[in-house]
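Asks: What follows is each chain in one-letter form.
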Amino acid sequence: MTRVLPQRKDQVQCKGSGASPMACERHSVAGSVSQRACVFCGSRVVLYPVVDALHLIHGPIGCAAYTWDIRGALSSGPDLHRMSFSTDLREKDVIYGGEKKLETALLELIEEYHPRAAFVYTTCIVGIIGDDVDAVCKRVGERVGIPVFAVHSEGFKGTKKDGYRAACDVLAKLVGTGDTRGISPFSINILGDFNIAGETWMITEYYRRMGISVVSTITGDARVDDIRRSHGAALNVVQCSGSMMYLARRMEQDYGIPFTRVSYFGMEDTSQALFAVARFFNDSEILARTSDLVEKETARVMEEINQYRRHLNGKKAAIYVGGAFKAFSLIKALRMLGMKTVVVGSQTGNAEDYERLRAMCDEGTVILDDSNPLELASFSQQKNADLFIGGVKERPMAYKLGMAFCDHNHSRKYALAGYQGMLNFAKEVYSSVMSPVWKFSPRAGKRGAQ
Amino acid sequence: MLLRHTPKEVAERTALTISPAKTCQPIGAMYAALGVHACLPHSHGSQGCCAYHRSALTRHYKDPIMAGTSSFTEGSSVFGGQANLLQAINNIFITYDPDIIAVHTTCLSETIGDDVHQIVTKAIEDGKVPDGKKVIYCNTPSYVGSHVTGFSNMVAGIVRGLAASAGTKTRTVNIIPGWVEPSDMREIKRIAKEMGVSIILFPDTSDVVDSPQTGKFQMYPDGGVTQAEMALTGDSVMTLALGAFASEAGARQLDISFKVPFEMLDIPIGLSATDRFIQALSRAAGVEIPDSFVAERGRLVDVITDMAQYFYGKKIALFGDPDQLIPLTEFLMDLNMIPQHIVSGTPGKKFRKGIERVTGDLFETINVKNGAQADMFLLHQWIKNDKPDLIIGNTYGKYIARDEGIPFVRMGFPILDRVGHSYFPTVGYTGGIRILEKILDAFLNHKDATCSEVEMELVL
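So the sequences go chain by chain: W and F.
First residue of the first sequence? That's 1 in our numbering, and the numbers climb one at a time after it.
First residue of the second sequence? That's 1001 in our numbering, and the numbers climb one at a time after it.
If we strip away everything but chain F, and leave its shape as in the complex, we get:
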C-alpha cells in the first residue's frame, strides 16, 4: 500500500515531478563512456554526482563501476573548475593509467560556465596528457533532456574525440546500438558475425559491466570498443544508428566529419524491428541473409502462434526510454496486444511520432505522454482509471504492480532487484522469445496464483 496516496483524478501539475520516469544526463554519459576500452569516465562536478551514478550503475549491473570526479568545492564553484579538472587529468593518468578519460559536465559546472573544450586543450598544452592517451568530453547539463540525452551526447563525444579515417573506404559497417544492455550488444555482434558482416559497434559495454569473476580486480575490463577500432569508423561504408534519441547525434557527427552515411533504425526489439535491422545490415554490407536467420525468425513466430491466445486483447502499460518503448510497442501490436498507457520522462516530439508510427489507427485511443510531468505518478493515475493486464518497465514499476495487483515484467533502466538483463538479450529474434517468455510467465504465474481452484489447470 506504498502508493495509497495516489489520487485517481488526474489534475494538471506544472511545477512538480513525482516519482520520475527518467534521471539526469551525466549517468548516461558515464554508461556510454564505459563502452570504450580502458576509458575512465570522469564527472566534472561535485563528488555526489559521481557517487550516485556509480552506485546506480553498480546496483543495475552488480559489477564494479569506475569513474573519477573533479570533487568541486565552494572555491571551485566561485572561481571555476579549471584547476580541479587539470589536476584530475594529471592525477588520473599518473595513478589510474587509463588510455582515455571521458569527461562529462554536471549542472554545477555548466551553470558556472566551465568550458571543458578549453580546459582539455590547456591540459594537452601543459603536457598533462601522455602520448597516445586521449581526453574526450561532452556537455551534459542535468537540467536539459534526460539520462538518454547524456548517453547520446557522450556517443557524439566519442565520435568527435576518437573517430578518424585512414583514407581508404572499407566494407565495415558502424553500429551504434543505443542505450542497451551488454547482453544486447553481444547479441548484435553475434548477429553480424553470423551474417558475415564486419562491424564496429560503439559504445560496447559487453565484457565491461558484465565481466566474469576472475579473482582479480580489473580497473579496465577486457571489453569496450578500442581506440584503434574507433580510428577506422571514418572509413566505414555506413553507420546504422539504433534509436533516434540515443544514437542519431553520434551517427550524424560521423557523417559530418567523415561523410559516412547513416540509416536510422529502431532498436531491434521484437519481430518487425529485427526484420528491418537484419535487412538493413544485409543491404549495408551487401551480403545475403543466411538461412539460419530464417530459422531463428521462424522459432519466434512459432512461439507467438503457440501462445497467441494468451496475448490477444491484453492491455499493457509501459514506461521507460523512448528508443526502447517505440519498438516494444510495435512488438506488442504484432502480438495482438493493446499498448494502453505509455510514459517516458525523456522529452522530445519524436517520441509521440514514433508511437504514432507503430500504432497506426489505435494511436488516438492510447494514453501517451513524455517529457515534463510524464512520471510514475501520472502512470499510476492512468492505471487507476483504466486497469491494464500487465505493466512493463524498470524496477520502479513494482510499487504500482503491487498496489494494483497487476503482473509486471522488468525491462529498461534501472533494474535494481533482479538479474538477467546483463546476460540475456531482448534484441533480435531470440531476444523476442525472451520477451515473450517473460510476458507469459508474468501472466500465467499471476493466473496460477490468483485463479480459483476450479479454474486451476495443469496444461496451459
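This is chain W alone, in the form it adopts within the complex:
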C-alpha cells in the first residue's frame, strides 16, 4: 500500500481509473519530502550556461556553494560561470543591509574578470532585508559600462518555474541591445538546450549541415554578445518549454520572431524538430539537406540500437523528471527500445502536460505530480519497473530497490540528444538494466509479482 499525503491525493493518478484532471502547479504540501527545488534554483539553471557573464550570488554562502559547478553545461571558451562568487552575507549584513557589500563585491569582480555582463542573484534573505539590488546593479552598470542585472530569484517567491521566468526577464533585457547586421535570413536561436555533455554542439552541427545558421544558443554555451543580437534570428526553436517559453513569447511580441517547440530526445522527436525548422524556411535545398541528414544519421545508429532493443524489449520503466515535456520524449524513446512506461511524473508539469501524458500512456500507468521518494519507490516497485529515469536524488533510491537507473538530468555524462544521443541512451539503459550486478540483488527472481 502506498502512503500518499492526504492533501496530495489528486496529484496521483492511474490511467484508466477515474478521469478528473490532475491537480498540479500547486505549492508543495508542507512536510512533504518533495524533490522540488526553489525559485533561485530555476534562475541559476537557466542563466548558468551564459559562460562569459559574471554570476554573483547575493546571500549567505550556501546558495553559492550548492550551485558551484554542479551542472555539466559545457563551454567552448570562457569558464567564468564555473567559479563560485558570493557576498557571503553575515549576521551584521542581515541587520544593517548588504548593499554596500554587494557593490564592493561587484566592482572588485568586474575589475578582475572583465565579464561581458553581470548577473546578481537575490536569495531568500535579500528579499526579506530589503536590499535595493536593482539600484546597486544600475549604479555599477553605469559606472563600468556593461549590463549588470538583478535576477529576482528569492527562493520562497514561488516554484522553480518562477525562477525560470526571472531568468527570462534578465535575458529579455539583453536581447535587442546588439547589432543584427549580417545575420542570415536562414537563422535561428536555440532556446532551452543546456549543452549538457555537449548536446547543444551536436544540435548546432545538425543545423549547420541543413544550411541554417545559429545566432545564439541562449541557454547552452551562451555568449552575452550573441544573446544581445539574437533578435536578428528568423525563428526561435524552443526545447524544455517549461523554462524558455516565456522568453520565446516575449521575443515574438517584441520583435515578431515566431517560435516552434521541439525536443531533441529520441530519434522520432529529433527528426520532427529538424523537419519543423526546415519546413519553416520553406526552402527546397534546406528540405533536401534535412531529409538527407535524417536518413544518414538514422541509418548510422539504427542497427546498433536494434541490438540493444532485442535485450530490452518488454522491460518496464519509471520516469520522474523536472519538466513534463522531457517525459513525453522519454516515453517515445523507451518505446523505440521496446520498453513500457509504468510510472511517470514531473516536478512542474501543468494541466495540459498531464492531459497529454495520460493520452500517451498505456492503461494502468501511474501519473504523478510533485512526488516524493516514498511514493516513487512504492509505485515503481508495485509496477515492477526494471529501470528508473530521474536525477541525483532518485538514483540511490532506485539502486536500493534493485532497479536499473539512467540519469536524464544535469548529472548525465553522455550526450542524450539527437541520433547519437539515442544510441548513447540505449547503451546506458542497456548497461544498467542488463548489468550482472542484478544477479546479486535480492530483487532478482522476485519479478512478475504485479
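Honestly, I wouldn't trust all of these hints.
To be verified - Lysine to aspartate or glutamate pairs mimicking EDC-like chemistry, simulated, CA-CA at most 20 Å apart:
(1) K1398(F) x D69(W)
(2) K413(W) x D1417(F)
(3) K1008(F) x D79(W)
(4) K413(W) x D69(W)
(5) K1384(F) x D407(W)
(6) K1398(F) x D79(W)
(7) K1062(F) x D407(W)
It should be emphasised that the hints constitute simulated quantities derived from the structure, not laboratory data.
If you're wondering where the values come from, they're calculated on a predicted model, not measured in any experiment.
Given the structure of chain W, go ahead and fit chain F onto it with the hints provided.
Replies: Coordinates of chain F only, in the frame set by chain W:
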C-alpha cells in the same frame, strides 16, 4: 586551465568570497540528525534549501537522503512560518511515521523571526505529536558560522531533546564523534568494543548513509543512535567530545543538564591524536588498553618507518573543516612533513590556536587563515606563490591540483567524485595507515607518471 583567472598577487578582499571552503549551517544540522535512528530531518524554510542539502549529501554518500521541508511561500515569509511547520509536523507523523522529527531553521525563517521552540510547543499542545514521538530542534541561521556550526547546533539539539537520566550512574562513556564519516563512527565503535568499553555514540550515521543494497527502500535505515540509548546518556560516567567545533556544544549541554563531565579531544586522526583518544577512553572507563592496540599502533609506526624517506620535508597544502585539519596537521608533523598552507572557511579563533598547538615553532612560517575570505581562491593564490608537493582536501581541490600539476588526496566534505570515504575510516591507527596509503599513492603515482624514463624505477 579552469582557474587561469586566479592572479598570483594576493590582494585584500572585504566583500567577496570566491569558491568557498565552507557551506551553510543547515546541511550540518541535517547530517547530524541523520545520525539518530528513525529521525526525519526537517528544514524550516524554502524548498530549495532542503533540495540542495539532500542533493549534496546524496552526491557525497551515494545513498538516499530523506528530509522534509516547510515549503515556505511568499505568504509564510510575511505572516511567519508557524502554520507551515505545524502542518508539516502533522503531515510527517501521519504519512512518513518517523520516531523523531529534527527541525532546523534557515536564514529565511531566522530573519522573519520564527520561534521554533514556541511552534513545537504548540504542536505538542495541539496533539500533533503522537505519544512516544519527539520533535527536536535547533537554530541554524545560515549567515552565522558554517556547516560545522550547524552540525554542532543539532548535536546540542539532540541532547536537549533526547538526553535523559534514569538516576543511576553507569560506567558507559558517551562519545560525540564530530562530523566524521560513517566508516569513522563504525571504527570508533569497534575500538570501544575491543577495549571492552560500553559507549553511546551520537550522532551515529553508520548504517544510515552507508546502507546496504537490499532490494528495499527503507526510509529509516537500521542505524542511528536510538531514543532509548539517548535517554541513558545523562547517566554516563563521562562524555568524550571529539573536535571542539562540532562536539563541544553537545558535551557542554550534557554537563549542564545532567552533570556528565566531558573531556575535549581531537578527532583521532593520525598517531598522536589516536594515542590520546585511546588513553582517554581507557581512563574514562577504567579499563586497560589491550595488547591488540599495541600491535595496531605498531603496524602504523612500521608503515611510517618503511616509507619515511618519501614523507620527509614534503610541503602540504590542506583545507577543510577545523576539527579534521588540526589533528591532520599534527599527523603531517609526526610524519616529518611540512604543513604549509592551511585554509578553513569556518570562523573561530580556536582554529589558529589549535594549529599553533600542533605545529609549535613552525607555526610562524605557516600560512593559516580561517573565516571570512578564507576560501579556495586564497588557497590557490598561496599555492601559486609557494608550490606545495601535495594538496589534501575535499573534491573542490581538484581544480587547483589539475591547474598546478600537484598530487591531490581527497579528505573531508564533500567528496563528490570518488567513493571509499563511507567504507574505510581515517580515524584510529588503521585509519592512519589508510591516510598514509593515500598520500603515498598520490606521490608515487605522480612520480611514476611524470618522471623521466631514466628515473623510472620498479622498486620504490
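Asks: With a cut-off of 20 Å on the C-alpha distance, tell me whether K1008(F) and D79(W) pass.
Replies: Given that 20 Å is the threshold and the Cα spacing comes to 19 Å, the pair holds.
Asks: With a cut-off of 20 Å on the C-alpha distance, tell me whether K1062(F) and D407(W) pass.
Replies: holds, 14 Å
Asks: Would the pair K1398(F) and D79(W) pass a check requiring their Cα atoms to be no farther apart than 20 Å?
Replies: holds, 16 Å
Asks: Check whether the Cα positions of K413(W) and D1417(F) lie no farther apart than 20 Å.
Replies: holds, 13 Å
Asks: Can the restraint linking K413(W) and D69(W) be considered satisfied, given a maximum Cα separation of 20 Å?
Replies: holds, 14 Å
Asks: Would the hint linking K1398(F) and D69(W) be met if the CA-CA limit is 20 Å?
Replies: Answer holds: K1398(F) to D69(W) is near 12 Å, not above 20 Å.
Asks: Is the straight-line distance between the alpha-carbon of K1384(F) and that of D407(W) 20 Å or less?
Replies: Outside the cut-off at roughly 38 Å; violated.
The structure shown violates just one earlier hint, number 5.
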